[in-house]
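Got chain A sorted already, so can you dock chains B, C, D, E, F, G, H, I and J onto it with the hints?
Number of protein chains: 10
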Amino acid sequence: MVTAFLLIVCEPARIHEIGRALADVEGVAEVYTTTGSVDFIAVVRVADLDALATLVTERVGTLPGIVRTDTHLAMRSYGTTEMAAAYDIGLD
Amino acid sequence: MVTAFLLIVCEPARIHEIGRALADVEGVAEVYTTTGSVDFIAVVRVADLDALATLVTERVGTLPGIVRTDTHLAMRSYGTTEMAAAYDIGLD
Amino acid sequence: MVTAFLLIVCEPARIHEIGRALADVEGVAEVYTTTGSVDFIAVVRVADLDALATLVTERVGTLPGIVRTDTHLAMRSYGTTEMAAAYDIGLD
Amino acid sequence: MVTAFLLIVCEPARIHEIGRALADVEGVAEVYTTTGSVDFIAVVRVADLDALATLVTERVGTLPGIVRTDTHLAMRSYGTTEMAAAYDIGLD
Amino acid sequence: MVTAFLLIVCEPARIHEIGRALADVEGVAEVYTTTGSVDFIAVVRVADLDALATLVTERVGTLPGIVRTDTHLAMRSYGTTEMAAAYDIGLD
Amino acid sequence: MVTAFLLIVCEPARIHEIGRALADVEGVAEVYTTTGSVDFIAVVRVADLDALATLVTERVGTLPGIVRTDTHLAMRSYGTTEMAAAYDIGLD
Amino acid sequence: MVTAFLLIVCEPARIHEIGRALADVEGVAEVYTTTGSVDFIAVVRVADLDALATLVTERVGTLPGIVRTDTHLAMRSYGTTEMAAAYDIGLD
Amino acid sequence: MVTAFLLIVCEPARIHEIGRALADVEGVAEVYTTTGSVDFIAVVRVADLDALATLVTERVGTLPGIVRTDTHLAMRSYGTTEMAAAYDIGLD
Amino acid sequence: MVTAFLLIVCEPARIHEIGRALADVEGVAEVYTTTGSVDFIAVVRVADLDALATLVTERVGTLPGIVRTDTHLAMRSYGTTEMAAAYDIGLD
Amino acid sequence: MVTAFLLIVCEPARIHEIGRALADVEGVAEVYTTTGSVDFIAVVRVADLDALATLVTERVGTLPGIVRTDTHLAMRSYGTTEMAAAYDIGLD
Numbered sequence: 001m002v003t004a005f006l007l008i009v010c011e012p013a014r015i016h017e018i019g020r021a022l023a024d025v026e027g028v029a030e031v032y033t034t035t036g037s038v039d040f041i042a043v044v045r046v047a048d049l050d051a052l053a054t055l056v057t058e059r060v061g062t063l064p065g066i067v068r069t070d071t072h073l074a075m076r077s078y079g080t081t082e083m084a085a086a087y088d089i090g091l092d
Numbered sequence: 093m094v095t096a097f098l099l100i101v102c103e104p105a106r107i108h109e110i111g112r113a114l115a116d117v118e119g120v121a122e123v124y125t126t127t128g129s130v131d132f133i134a135v136v137r138v139a140d141l142d143a144l145a146t147l148v149t150e151r152v153g154t155l156p157g158i159v160r161t162d163t164h165l166a167m168r169s170y171g172t173t174e175m176a177a178a179y180d181i182g183l184d
Numbered sequence: 185m186v187t188a189f190l191l192i193v194c195e196p197a198r199i200h201e202i203g204r205a206l207a208d209v210e211g212v213a214e215v216y217t218t219t220g221s222v223d224f225i226a227v228v229r230v231a232d233l234d235a236l237a238t239l240v241t242e243r244v245g246t247l248p249g250i251v252r253t254d255t256h257l258a259m260r261s262y263g264t265t266e267m268a269a270a271y272d273i274g275l276d
Numbered sequence: 277m278v279t280a281f282l283l284i285v286c287e288p289a290r291i292h293e294i295g296r297a298l299a300d301v302e303g304v305a306e307v308y309t310t311t312g313s314v315d316f317i318a319v320v321r322v323a324d325l326d327a328l329a330t331l332v333t334e335r336v337g338t339l340p341g342i343v344r345t346d347t348h349l350a351m352r353s354y355g356t357t358e359m360a361a362a363y364d365i366g367l368d
Numbered sequence: 369m370v371t372a373f374l375l376i377v378c379e380p381a382r383i384h385e386i387g388r389a390l391a392d393v394e395g396v397a398e399v400y401t402t403t404g405s406v407d408f409i410a411v412v413r414v415a416d417l418d419a420l421a422t423l424v425t426e427r428v429g430t431l432p433g434i435v436r437t438d439t440h441l442a443m444r445s446y447g448t449t450e451m452a453a454a455y456d457i458g459l460d
Numbered sequence: 461m462v463t464a465f466l467l468i469v470c471e472p473a474r475i476h477e478i479g480r481a482l483a484d485v486e487g488v489a490e491v492y493t494t495t496g497s498v499d500f501i502a503v504v505r506v507a508d509l510d511a512l513a514t515l516v517t518e519r520v521g522t523l524p525g526i527v528r529t530d531t532h533l534a535m536r537s538y539g540t541t542e543m544a545a546a547y548d549i550g551l552d
Numbered sequence: 553m554v555t556a557f558l559l560i561v562c563e564p565a566r567i568h569e570i571g572r573a574l575a576d577v578e579g580v581a582e583v584y585t586t587t588g589s590v591d592f593i594a595v596v597r598v599a600d601l602d603a604l605a606t607l608v609t610e611r612v613g614t615l616p617g618i619v620r621t622d623t624h625l626a627m628r629s630y631g632t633t634e635m636a637a638a639y640d641i642g643l644d
Numbered sequence: 645m646v647t648a649f650l651l652i653v654c655e656p657a658r659i660h661e662i663g664r665a666l667a668d669v670e671g672v673a674e675v676y677t678t679t680g681s682v683d684f685i686a687v688v689r690v691a692d693l694d695a696l697a698t699l700v701t702e703r704v705g706t707l708p709g710i711v712r713t714d715t716h717l718a719m720r721s722y723g724t725t726e727m728a729a730a731y732d733i734g735l736d
Numbered sequence: 737m738v739t740a741f742l743l744i745v746c747e748p749a750r751i752h753e754i755g756r757a758l759a760d761v762e763g764v765a766e767v768y769t770t771t772g773s774v775d776f777i778a779v780v781r782v783a784d785l786d787a788l789a790t791l792v793t794e795r796v797g798t799l800p801g802i803v804r805t806d807t808h809l810a811m812r813s814y815g816t817t818e819m820a821a822a823y824d825i826g827l828d
Numbered sequence: 829m830v831t832a833f834l835l836i837v838c839e840p841a842r843i844h845e846i847g848r849a850l851a852d853v854e855g856v857a858e859v860y861t862t863t864g865s866v867d868f869i870a871v872v873r874v875a876d877l878d879a880l881a882t883l884v885t886e887r888v889g890t891l892p893g894i895v896r897t898d899t900h901l902a903m904r905s906y907g908t909t910e911m912a913a914a915y916d917i918g919l920d
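Residue numbers (the numbering used here), protein chains in the order written: chain A, 1 to 92; chain B, 93 to 184; chain C, 185 to 276; chain D, 277 to 368; chain E, 369 to 460; chain F, 461 to 552; chain G, 553 to 644; chain H, 645 to 736; chain I, 737 to 828; chain J, 829 to 920.
Treat the hints as calculated values from the structure; they're not laboratory data. Using N, Cα and C, we set each Cβ at its ideal position, and we do this for glycine too. Check before you lean on any hint, since a few could be wrong.
Just some of the chain G residues that point at chain F, by a computed CB distance under 10 Å [to be verified]:
no.: 1; residue: V583
no.: 2; residue: A626
no.: 3; residue: R628
Just chain A, same shape as in the assembly (with noise of 0.2 Å):
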């Protein structure tokens, strides 16, 4: 499974409609508006890269009023709660 943050910025008068569109993208595993220079970070938790690669330019870069997002992959994790191992990264 691969884990990514997507780091995303939109039109300032549509971030509510944007955030529900966000959270019924499938893969999505959470989103949040945040404080700082982007208006969200989704959490991403997919099969494989190629679907990360369709989730991020035909889900996500498809909604009206994105203007950018900026997609950070995880490469490694070094979690040590329950959480983090039960969504453990890996290519197995």
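Leaving out everything else, chains B, C, D, E, F, G, H, I and J in the frame of chain A:
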């Protein structure tokens, strides 16, 4: 409970040791080395804003080799999965 | 109570009307046009993070002419004066 | 009276001690560690521009560990609450 | 009297007409097209901060073709020549 | 197999020695000094994300003189030539 | 032969169609959607600098939806594998 | 004579036609499409600063499709070749 | 006569001493500590470009504690007041 | 012959000595201190890309006090004057 994402840049030669140190910080639920313009993204879940301040300024900022920490705080969850519900942010 | 600073950039021709609109938003305690790289700094004091999300995404972001809003949330007050004490942030 | 917002970046390991030092600077009405691209936002209220210059260059800039201070000066208040009125900026 | 430097970016095709318009704004003492990352630097000398706010938001910002105005306010003069003395900033 | 592009900035005086060191890192298929805002672009082809993390944090980041490494991971290939096919990314 | 890396940003909604169009451009050896601050990295191998200029300005730049193209040209290869040797850059 | 370097960004689809238009501007001695963060670098040699202002604001800035022009003016030549001598900058 | 604006960043702890040193540099007509992203703006009026090069590289750049100097040269004055006329730039 | 523009930033106190050193580098046809965000622009004309790599990494990058070099390579000349013709880029 408060959810925050810490985007962390560190000295290139110390990435590995800092990853392990971050995983040991209480309140850090997950931490990953990531592709892109930062070295780590840490998912933090703590009781309140004061605990977040303690974590950022006294636990993470003081690790040797940390160059910059940019904290994005979750204001509102649009998540729909059970896990997101379990970590629903709020100020109860 | 939660304290936040909103750094707001807007279309140059609409600064004056947006200043008046921002002052009418509930939760905006102070708002100033400022020198520097942003047009306004608004000091916001609201009950909790959910109220902050509502203010940023539904009240400020939807004002016509807003280009970008960067929210800096106060994590801990180091203030010493009586006024700061009166607005001490916390999650009681 | 002149109102200004100082956005301050400092060395990560010294955030806590600088927070306390900033709170002791005369003219600093409030100071917070904040989320986002800066470490502190200080709200400054002093008698005139010369006092602001003294505060920025001789009181804050000389604290050990300060990396950068970006001063945003309030030109005009659009505030409506009583507190804002009490601190109405001007040059009477 | 208050001294400020306005760094102004405008649409490339309108530089010439905006230069003439800026020169006609009351309070603009000097205005130049400059080399570098901005199109104009205007030296502004007005009575107080409120007059500066009026100039920036109502006179300059509303000119068609203005993209961005970044105001740098002089806090203290270190000038030594007679001319600087004549324009010494202050709040008398 | 995972394909990634590493954009690397190093101390100006050490470009030549770092180029040779990068070429010796297992997993670096190609490495070039390039024009533009970075000193090197390295094309990396490794077995999985964990191998990529090892390469970035333990092999490249620890070379003396490395200032910054920005990793762009290939999510999906649109290539059509035989060579691209030979290196088709995937998670088999 | 000349090797260059094109870092390409496009309108979010058109990533998928542009990926296919880029793969059809003669001289584009590989093209990937990538994580990070750009949408695509294209590896280009053409006969000389004039062919590169034609590719960048007449083939890629004119695709509808392209926002920005940043070309990094390989000056010298430090590669050691057979494949790199096969594509050794030069001006013979 | 005054020497200046104009770094020019334009709309991607118009690079070719703007290149030809720039070459026809009187005072433009050389103009190249370049790799890197700008589309063109033009070497300008004109009689004095006023002629440079005319070239930048009335000849180049008004070409359709120009997005931004950043002018770097040569203050002093350290050149040693005959050609540099022939174009030695100065204000005689 | 040539007019230029120097935007100067220096080490925070040395602002005061550098301000006094800048005021003593021949050719610096005015110098102010300013709000915003730079520490000083110096207005320079010298005989020609060569004198400007000497001032920037040999007088200002060599002051201990200077971090960066960004020179914006006035190409054309749009000023209308008597003072601007007195300092009209030109190359007579 | 290959034409390139090197935009060079150096330590402020060493501008003068670096200017003289750059002028002595074989392949540097012209070098100027310039206004704007870089300290020098060097016009380089060398035989091929390998010679450019040698110049950038072994001759310029190793000069003491160089902070950053950003190389913009000319891909195609749109020049029309005789001088441009004399230096027409190409790969014959």
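Now the hints, each set against the structure:
1. Among the interface hints, the one on V583(G) holds; its C-beta lies about 5 Å from the nearest C-beta in chain F, closer than the 10 Å criterion.
2. The closest approach between the C-beta of A626(G) and any C-beta of chain F is roughly 4 Å, which is under the 10 Å cut-off, so the hint is satisfied.
3. Because the smallest distance between the Cβ of R628(G) and any Cβ of chain F comes to about 5 Å, under 10 Å, the interface hint for this residue holds.
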